[in-house]
Amino acid sequence: MSTNPDVVVLREGTEGLSMESYAETLRERLPEHAVALARTPKEERERVPQARVVTGVTIDEDLLAEADRLELFACTFAGTDHVPMDALADHGVAVTNAGGIHAPGIAEQTIANMLVFARNLHEGWRRKENNEWRHFQSHEFTDSTVTVVGLGSIGQAVVQRLEGFEVETIGIRYTPEKGGPTDEVLGFDEDDVHEAFSRSDYVVLACPLNDLTRDLVDEDALATLPPEAVLVNAARGGIVDTDALVSALQYEGIRGAALDVTDPEPLPNDHELWDLENCLITPHTGGHTPKHWDRLVDIVATNLRALEAGEGDELENVVYQPDSS
Numbered sequence: 611m612s613t614n615p616d617v618v619v620l621r622e623g624t625e626g627l628s629m630e631s632y633a634e635t636l637r638e639r640l641p642e643h644a645v646a647l648a649r650t651p652k653e654e655r656e657r658v659p660q661a662r663v664v665t666g667v668t669i670d671e672d673l674l675a676e677a678d679r680l681e682l683f684a685c686t687f688a689g690t691d692h693v694p695m696d697a698l699a700d701h702g703v704a705v706t707n708a709g710g711i712h713a714p715g716i717a718e719q720t721i722a723n724m725l726v727f728a729r730n731l732h733e734g735w736r737r738k739e740n741n742e743w744r745h746f747q748s749h750e751f752t753d754s755t756v757t758v759v760g761l762g763s764i765g766q767a768v769v770q771r772l773e774g775f776e777v778e779t780i781g782i783r784y785t786p787e788k789g790g791p792t793d794e795v796l797g798f799d800e801d802d803v804h805e806a807f808s809r810s811d812y813v814v815l816a817c818p819l820n821d822l823t824r825d826l827v828d829e830d831a832l833a834t835l836p837p838e839a840v841l842v843n844a845a846r847g848g849i850v851d852t853d854a855l856v857s858a859l860q861y862e863g864i865r866g867a868a869l870d871v872t873d874p875e876p877l878p879n880d881h882e883l884w885d886l887e888n889c890l891i892t893p894h895t896g897g898h899t900p901k902h903w904d905r906l907v908d909i910v911a912t913n914l915r916a917l918e919a920g921e922g923d924e925l926e927n928v929v930y931q932p933d934s935s
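Okay, so the sequence shown: first residue is 611 according to the numbering used here, each after it adds one.
Please note that a few of the clues may not be correct.
As the list claims (entries may be wrong) - Straight-line alpha carbon distances no greater than 20 Å define the calculated EDC-like cross-link-like pairs of lysine to aspartate or glutamate that follow:
1) LYS652 x ASP670
2) LYS652 x GLU676
3) LYS652 x ASP691
4) LYS901 x ASP672
5) LYS652 x ASP672
Stated by the list, open to error - Computed spacing ranges between beta-carbons, pair by pair:
6) TRP735 x GLU882: 18 to 26 Å
7) HIS692 x GLU656: 45 to 53 Å
8) TYR930 x GLU829: 35 to 43 Å
9) GLU676 x GLU778: 55 to 63 Å
10) ARG744 x ARG649: 29 to 37 Å
11) GLN931 x GLU776: 20 to 28 Å
Everything labelled a hint here was simulated from the structure, so no lab data went into it. As the structure is a computational prediction, the values presented were derived from the model and not from experiment. Idealized CB from N, CA, C, for every residue including glycine.
Construct all of the structure, not just a fragment, from the sequences and the given hints.
In structure tokens:
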């Protein structure tokens, strides 16, 4: 291994995936480059100062002091609120994220959750557990109105997969004047959100959690939804007021909810949501995919080559870019 690896993979894993497999995928994609896996804190202290690119969940600020060669930190998460952004900026290090690599899986799970409620499959599963051959009523997804809150990579993937289902779509985005892939586009203004919700059979949350979206789905928003509506949260738990959601589900304010994320998370085992038959819960698994490392390596490899070509201002998935002036 070169004493100056081009890429250093940090030891902390993500989503139960092996960082060894991440490093190996990088080596396969970048055979002309030196890729090192730092398996211990000692190896991280030794390797990071030598690297041009470091990639992992986050990076210890202390490792940056001697990292004079470092140009890019490639976060293996889509969110970077846990990353020491100020310290990286002070050292002139660009930051990218893994945004978009989870979109296909999350979109597929989102469609699946809506179809479960459309066809009442969860009721069929319950009757199977009881060895009970007894018919039940179902709905149709066709002619439904689906509101997708957030038209980033995940929201766009959801909308793409809705084509062919013969549904009406409403998109909510920060800049509605830009339009979008949905039949109608509205903004995050409260009146716009309530207008969309009032006409929705299904609401899909696919937006980031920030000051604007925290508790976006509150008591008023839930009361605005038709009683037959279903909420699908594929984003972050904090976008929904959990107490208000529990109440809406308990008293048939809405028909159901499918939650891949919760607030709090992990959801305590004695939480009321577990006992509600009209609430489907998965433990933040929507983005899991066997293609995780392949998609992330595509981004990292492209950006390494851009740095080598002197095109550091054209990186993909940029979260922070140092001023090159």
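Evaluated hints:
no.: 1; hint: LYS652 x ASP670; result: holds, 12 Å
no.: 2; hint: LYS652 x GLU676; result: holds, 14 Å
no.: 3; hint: LYS652 x ASP691; result: violated, 26 Å
no.: 4; hint: LYS901 x ASP672; result: violated, 32 Å
no.: 5; hint: LYS652 x ASP672; result: holds, 13 Å
no.: 6; hint: TRP735 x GLU882: 18 to 26 Å; result: holds, 21 Å
no.: 7; hint: HIS692 x GLU656: 45 to 53 Å; result: violated, 24 Å
no.: 8; hint: TYR930 x GLU829: 35 to 43 Å; result: holds, 37 Å
no.: 9; hint: GLU676 x GLU778: 55 to 63 Å; result: holds, 57 Å
no.: 10; hint: ARG744 x ARG649: 29 to 37 Å; result: violated, 56 Å
no.: 11; hint: GLN931 x GLU776: 20 to 28 Å; result: violated, 42 Å
When each numbered hint is compared with the structure, violations occur for hints 3, 4, 7, 10 and 11.
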